[in-house]
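Protein chains: 4
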Amino acid sequence: MEKFRIGIIGATGYAGVELVRLLLLHPLAEISALGSVSFEGKKISEVYPNLLEICDLPCLTNEEVIAQSDVVFAAVPHGMSQELAAQCIQNKCVFIDLGADFRLSDEEDYKQWYGGEFKFKGLHDAAVYGIPELFRGEILGKVLLANPGCYPTSIALALSPALMGGFIEPSGIIIDSKSGVTGAGRGLTQTSHYVDVNENFGAYKVAQHRHTPEIEETLSRMAGEKITVTFVPHLLPINRGILSTCYVKLKEGFTKEHLRAAYAHVYKDEPFVRILPDGLCAAVRNVKYSNICDISIHVDERTNTAVFCSAIDNMIKGAAGQAVQNMNIMLSIPETTGLELIPPAF
Amino acid sequence: MEKFRIGIIGATGYAGVELVRLLLLHPLAEISALGSVSFEGKKISEVYPNLLEICDLPCLTNEEVIAQSDVVFAAVPHGMSQELAAQCIQNKCVFIDLGADFRLSDEEDYKQWYGGEFKFKGLHDAAVYGIPELFRGEILGKVLLANPGCYPTSIALALSPALMGGFIEPSGIIIDSKSGVTGAGRGLTQTSHYVDVNENFGAYKVAQHRHTPEIEETLSRMAGEKITVTFVPHLLPINRGILSTCYVKLKEGFTKEHLRAAYAHVYKDEPFVRILPDGLCAAVRNVKYSNICDISIHVDERTNTAVFCSAIDNMIKGAAGQAVQNMNIMLSIPETTGLELIPPAF
Amino acid sequence: MEKFRIGIIGATGYAGVELVRLLLLHPLAEISALGSVSFEGKKISEVYPNLLEICDLPCLTNEEVIAQSDVVFAAVPHGMSQELAAQCIQNKCVFIDLGADFRLSDEEDYKQWYGGEFKFKGLHDAAVYGIPELFRGEILGKVLLANPGCYPTSIALALSPALMGGFIEPSGIIIDSKSGVTGAGRGLTQTSHYVDVNENFGAYKVAQHRHTPEIEETLSRMAGEKITVTFVPHLLPINRGILSTCYVKLKEGFTKEHLRAAYAHVYKDEPFVRILPDGLCAAVRNVKYSNICDISIHVDERTNTAVFCSAIDNMIKGAAGQAVQNMNIMLSIPETTGLELIPPAF
Amino acid sequence: MEKFRIGIIGATGYAGVELVRLLLLHPLAEISALGSVSFEGKKISEVYPNLLEICDLPCLTNEEVIAQSDVVFAAVPHGMSQELAAQCIQNKCVFIDLGADFRLSDEEDYKQWYGGEFKFKGLHDAAVYGIPELFRGEILGKVLLANPGCYPTSIALALSPALMGGFIEPSGIIIDSKSGVTGAGRGLTQTSHYVDVNENFGAYKVAQHRHTPEIEETLSRMAGEKITVTFVPHLLPINRGILSTCYVKLKEGFTKEHLRAAYAHVYKDEPFVRILPDGLCAAVRNVKYSNICDISIHVDERTNTAVFCSAIDNMIKGAAGQAVQNMNIMLSIPETTGLELIPPAF
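Protein chains in written order, with the numbering used here: chain R, 1 to 346; chain Z, 1001 to 1346; chain P, 2001 to 2346; chain S, 3001 to 3346.
Watch out, some of these pointers could steer you wrong.
[Unchecked claim] From the derived model, a few chain P residues whose C-beta atoms are all more than 12 angstroms from chain Z:
#	residue
1	Asp2056
2	Ala2086
3	Tyr2194
4	Asp2196
5	Glu2270
6	Thr2303
[Unchecked claim] Simulated restraints on C-beta separations:
#	chain 1	residue 1	chain 2	residue 2	range
7	Z	Pro1277	R	His265	45 to 51 angstroms
8	S	Met3164	P	Val2037	34 to 40 angstroms
9	P	Ala2261	Z	Gly1187	39 to 45 angstroms
10	Z	Gly1187	S	Gly3137	46 to 52 angstroms
11	S	Lys3226	P	Gln2190	41 to 47 angstroms
12	P	Gly2115	Z	Gly1187	27 to 33 angstroms
13	R	Thr191	Z	Gly1187	31 to 37 angstroms
By construction, these hints were calculated from the structure, which means they are not laboratory data. Keep in mind it's a predicted model, so treat the numbers as computed, not measured. The beta-carbon is built from N, C-alpha and C at its ideal position, and this holds for glycine as well.
For reference, chain R alone in the conformation it holds in the complex (with noise of 0.2 angstroms):
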């Protein structure tokens, strides 16, 4: 079988860099191309020396990138996707956009929380929304992707189930997340300088950040009524990883082995969704490094309420081991071919 190029845009990124490691070990893959802006002529060796001898490709402009590749992941800042997508469509190229710009179905949303507009209502009628685990129906055959955020995702499957089912109530969702640095991407700032972060802890954008209208999105789907939340992100002094924890009504009648059984069910034969056992909690360490999402289940019956717990790694099962998934399923490749990631234990 002849190997599908492979093309990425925003190389030098944390998701792009993260990206060019995955497709590295996809043996249907052939990075056949890397993009960056900032480090444009130079190797991502030269960036990234962990790649020295291994990826000594240089980083091209998003044009060649998009000339020499069968599929481009793109990982830039939002706004500067619509016109990748567009080139990319255009040349025959499967688009996967790792952005926020194809994610939100809404143009409204869009310009409250993205400040931007939609150049090309056709690729947003024509993008789709990749979480495989609930909508892997909708991916398949598709050449254009909007891969779901890092918080998004974690907490997309932690509540999805639950609100399928019917189990919980679909208003007074609490939503307090915590995810490691790379989250907030390679650039420099003083929130990410090693002594702000190290040994200290935080919120920040409380109830403001711009996940907040893509997390609401699908848990409306999921519900198939609107869904508001209030969600708070932290930042964890770590590298890699989210932790999620979802604090919902448990609606009358229902009890913990209601909703053990449902997620059972709706995750029974997914690869990289792992219901832990009465006892354990999700923790990072257990799915880093790899594409899995953990989720513990557990009921507060003091107050009825039903927290979820859900780890995953923000770059891989929260960037770019999703993104290939997705990659997976759009091009017919058997789903987890480049993502058999077994996490550590340390």
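Guided by the hints, dock chains Z, P and S onto chain R, whose structure is given.
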């Protein structure tokens, strides 16, 4: 002025050794004796070489400590303080308990959550629960004090003004707390092994932590009605610090401005509480190594949810520092004596 | 091709569980049995929940492991491997020891540094010391192998070409090594408590570490004369990785260019050694989660001192990865099989 | 006693803000003005919210600071202090420079390593190099002081008694130092990005660090002959602290006991130097947040090498604390005033 002779029982635990450090710097206190069951006969500086040539006192028996002290602090596992308290009171010694034995006023709660009973009911009646900002008037002149738990301190300070003012619904309170590892103590357990904690993050004892009844008792006192909360603690890969993110429903008609005014009023003369200006979120970094509690107030208008973030140093305001603050009040010493610790920038 | 049946004794230690992970990904190996004295009867995934649904094998006795395997790895405390080796050899099982029992050829050294003796002298004669880059020819076809220590691996690779080429003085070698905490093992000790390690750094066992004779034996072999070194290990607040900084006197007439040429020659076909270009220093980050050793070469012309920095992942090239590399050679499998791990950027 | 009016130029850098913290606690000092080019017009507590309500002074121009102060500390990049010193001296202001401009007595060294020149030679003649334990007599009464670099402080204290006593060979000294990230400053660089530092470790500027001539000048003064060293710094994933491991050849006839006696003698009345008992190694943990330097003495009898480990808090004894110590001496205040900081256990 003659200095008070201070004894510390359980001096080689984390709270104990932090008490040693604070009291060495206290101008009106003199450490008269240290007690440690595990290290009896050893110098404290053999256990903690940071204290070499600064405090080389030997570890004595509890009886010796009590005999040589005007004030005794005990930082020992729950269940062990009641006898100590009885001995101290008999010896006319002020007793400050950093453990849980005297925190709960309801023996049923103590039985249910700690599995023990009240051995000396008179002592329990005489004991005062010591959050100075809320109960200062009751602390003055007392000789037996229960120093609050670390999580309860952070939460009581965060929510009390809102409950006292009637701004928030008393039901449906969600508290998502995160603590550094010193909270788990010096004992050797797999969960405090460096490799287990580092680059990891997760919840533990979801809705089952023993601090729950203590939190509820204080919040109920402040609200004037029975409060039940959902409390989920998490373990942070840092040494010190607690951040509690508290989610409550704002009652109709109230806004962030009402909350800000109430908090400013309640805490306006408090030396150890800071209400942060809009735009800042409470963070562990800004309070560690100090006795300060930072509180930030946020309102999610989309869901009418108020979010309070509070940050403390779990070993100071959450343990040893608050204990010294309480001692100062009990002894009619100026309350900030020995506690003018400036949180370092890093 | 039928897969080799692999048994792992000491599977619940850090080196053991890393072997599990690597061998699960090895296309020609099948884990047949896991052994653990501490956790006999439990599933490995109960001890390490990262392996849940990935490897749920139970922990068996050592005898059961040996009976079910073609190749046995042992990652047990020193003194325990000699009996295991004897049983394996008797059972026609290949034996790869990750401990120290077979590393030293001189029994006197073993007695002096480890306090034991050679129980089966014939086994010691049959054993080969497995640093493939230096002793590949001797490894092929052997059935009993001593996998090197983590520090010795990093040091032998850093200094061997210089010693083989006669570029440096054989006396006065100073080795300052720094290791992550996994090197100290999973056992509970005060020195691996999170709070003791985090935000700390110091040396330990200065000039007294048991790896010293192993380092000296290999360097002596490479130099063709007796080498004695000063070796000082330090504990780093990280999970994985070793950096060794080696200081040697450059012989008159030699320059950095001579060294670079020699290192390029010796390692030119090595898949797991990278000689870094000028301007880069070997760093743990660039090799962790891989079997690669990075070496940077520096010369201080003011003092005529050559400085070699070498970085490895202590659990992979310093333990489990090198053990698999050795297994591949012993079994005439392509050497890189199962080890094509790309170090992630973070 | 009237308090000295203290100005701090460069107050928003790491050394500057640490000076702010220490001087706020100094009973004989009053911070009169803060200077910052980057944040002029902002309050220091806007840049460092840990100082909120504790120090809300605005950042002024350098000229304003000098005009309002009896003593000026400058913590600015090298090359910028000479003009400031001239202004201060003219204004009869004591000047303490935390930068490198006045540390080297030989202008050639300054040119070679820093690329600048001595603008006011008279000032350089008047300046004193301030390691109190070695040069106390020269500091008293001076008005212009060069506060030493962090690495040089840790190294000079570790090696001076051995050199003064003639116990060690003056050639072949190897110094392997490791520093926390605050040493690199608050500025945004890729090498201080959290993700680059965390779980990483490596050397930098091998044998090329600008502290080298400063180290050599001090060691040469102590030895009474020209000393050249090999100095290799490394970056530690911690906020604070330096550990220097120094390797020297012991002269024939001398033993560890000679060294211990000499060190005990030289430092016997020093409030900020501790010579550790046998069995302990100097470690960052035991000195951080204090002005203490811990030194442990080791001898490798197999190679006749003495190893000195010294640990300091790079921001206190290595910067702000030593600067205050020097100020105290210059102003004839008791030397430990404001510096009785007890290193916390964690």
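Quick rundown of the hints versus the structure:
1. Asp2056: About 20 angstroms separates P/Asp2056 from the closest Cβ of chain Z, which puts it past 12 angstroms; holds.
2. Ala2086: 33 angstroms, holds
3. Tyr2194: For P/Tyr2194, whose nearest Cβ neighbour in chain Z is about 4 angstroms away, the distance does not exceed 12 angstroms, so it is violated.
4. Asp2196: For P/Asp2196, whose nearest Cβ neighbour in chain Z is about 8 angstroms away, the distance does not exceed 12 angstroms, so it is violated.
5. Glu2270: 30 angstroms, holds
6. Thr2303: 34 angstroms, holds
7. Z/Pro1277 / R/His265: 45 to 51 angstroms: 49 angstroms, holds
8. S/Met3164 / P/Val2037: 34 to 40 angstroms: 55 angstroms, violated
9. P/Ala2261 / Z/Gly1187: 39 to 45 angstroms: Taking Cβ atoms as reference, P/Ala2261 and Z/Gly1187 lie about 55 angstroms apart, which means the hint is violated.
10. Z/Gly1187 / S/Gly3137: 46 to 52 angstroms: 50 angstroms, holds
11. S/Lys3226 / P/Gln2190: 41 to 47 angstroms: Holds: the Cβ-Cβ distance is about 45 angstroms, inside 41 to 47 angstroms.
12. P/Gly2115 / Z/Gly1187: 27 to 33 angstroms: Once the Cβ atoms are compared, 30 angstroms apart, the range 27 to 33 angstroms for Z/Gly1187 and P/Gly2115 holds.
13. R/Thr191 / Z/Gly1187: 31 to 37 angstroms: This hint holds: roughly 35 angstroms between Cβ atoms.
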